[in-house]
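Going by my numbering, the first residue of the sequence shown is number 8, and it counts up by one from there.
Calculated from the structure, these hints are not laboratory results. Don't take every hint at face value.
To be verified - As a list, the in silico SDA-like pairs of lysine to any residue whose alpha-carbon atoms are at most 20 Å apart:
#, residue 1, residue 2
1, 67, 115
2, 67, 31
3, 67, 56
4, 67, 112
5, 67, 57
6, 67, 28
7, 67, 86
8, 67, 105
9, 67, 11
10, 67, 97
11, 67, 36
12, 67, 85
Claimed, not checked - Taking CB as the label site, the calculated pair distances span:
#, residue 1, residue 2, range
13, 31, 104, 31 to 41 Å
14, 74, 21, 16 to 26 Å
15, 21, 59, 16 to 26 Å
16, 93, 31, 19 to 29 Å
17, 104, 79, 33 to 43 Å
18, 83, 111, 24 to 34 Å
19, 115, 21, 31 to 41 Å
Positions of the beta carbon are idealized from the N, C-alpha and C atoms, including for glycine.
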Amino acid sequence: VIELQPLLEMLLGWATCGLVVSLLSASMLAHAIRNCSPDSALLQCAPAALNFGVSSLLLKALVQVAAMVAERPETPELWGALVVLAALVLGVRCAAAAPARRAMETLDKL
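Just need the whole structure built from these sequences, with the hints factored in.
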């Protein structure tokens, strides 16, 4: 039997949820302001910053699952979760490449 309670407490704890909510709120505010001033380099970086927040949550979960795999390597469900989380991290990071490139190009033009 897999104990998911410690993982869920670490992944979905108050501090982590506070970080996610603040990142999402800041991004919504940035996109609302962006309609008024689209040339701001800071606002161009909002999608990449949100992607970083999601990546940090996935990496946190990946480390926790890897620690569980190290404790109980005979559990196939943990290995499956580890593979799925690794694929999600790679997918999220690949999706961040284009917004990050656009943000860097904007910063280079300043």
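Consistency of the hints with the structure:
For the proposed pair residue 67 and residue 115, the alpha carbon gap of about 32 Å is over 20 Å, so the pair is violated. At roughly 18 Å between alpha-carbon atoms, residue 67 and residue 31 fall within 20 Å of each other, so this suggested pair holds. With a C-alpha separation of about 17 Å, the suggested pairing of residue 67 with residue 56 holds against the 20 Å cut-off. For the hint pairing residue 67 with residue 112, the CA-to-CA distance comes to about 30 Å; that exceeds 20 Å, so the pair is violated.
Note on residue 67 and residue 57: the hinted pairing holds, with a Cα-Cα distance of about 15 Å set against a maximum of 20 Å. Restraint check: the Cα-Cα separation between residue 67 and residue 28 comes to about 17 Å, which is no more than 20 Å; the hinted pair holds. Proposed proximity of residue 67 and residue 86 is supported: the alpha carbons are some 16 Å apart, at most 20 Å. For the proposed pair residue 67 and residue 105, the alpha carbon gap of about 23 Å is over 20 Å, so the pair is violated.
At most 20 Å may separate the alpha-carbon atoms for a hinted pair to count; residue 67 and residue 11 meet this at roughly 14 Å. Proximity of residue 67 to residue 97 is assessed by CA-CA distance (about 14 Å); at most 20 Å being required, the pair is judged to hold. The suggested pairing of residue 67 with residue 36 is violated, with an alpha-carbon distance near 26 Å, which exceeds 20 Å. Taking the CA atoms of residue 67 and residue 85, the gap is about 15 Å. The hint holds against a cut of 20 Å.
Residue 31 and residue 104 have their C-beta atoms about 21 Å apart, which leaves the hinted 31 to 41 Å range violated. For the pair residue 74 and residue 21, the beta carbons lie near 21 Å from each other, so the given range of 16 to 26 Å is met. For residue 21 and residue 59, the Cβ-Cβ distance of about 20 Å falls inside the hinted range of 16 to 26 Å, so the restraint holds. The hinted window of 19 to 29 Å between residue 93 and residue 31 holds, with their beta carbons roughly 24 Å apart.
Against the hinted window of 33 to 43 Å, the Cβ-Cβ separation of residue 104 and residue 79 comes to about 35 Å, which satisfies the hint. At roughly 41 Å, the beta carbons of residue 83 and residue 111 sit outside the given window of 24 to 34 Å. Restraint check, residue 115 to residue 21: a C-beta distance of roughly 39 Å satisfies the suggested window 31 to 41 Å.
This entry does not satisfy hints 1, 4, 8, 11, 13 and 18, going by the numbered hints stated previously.
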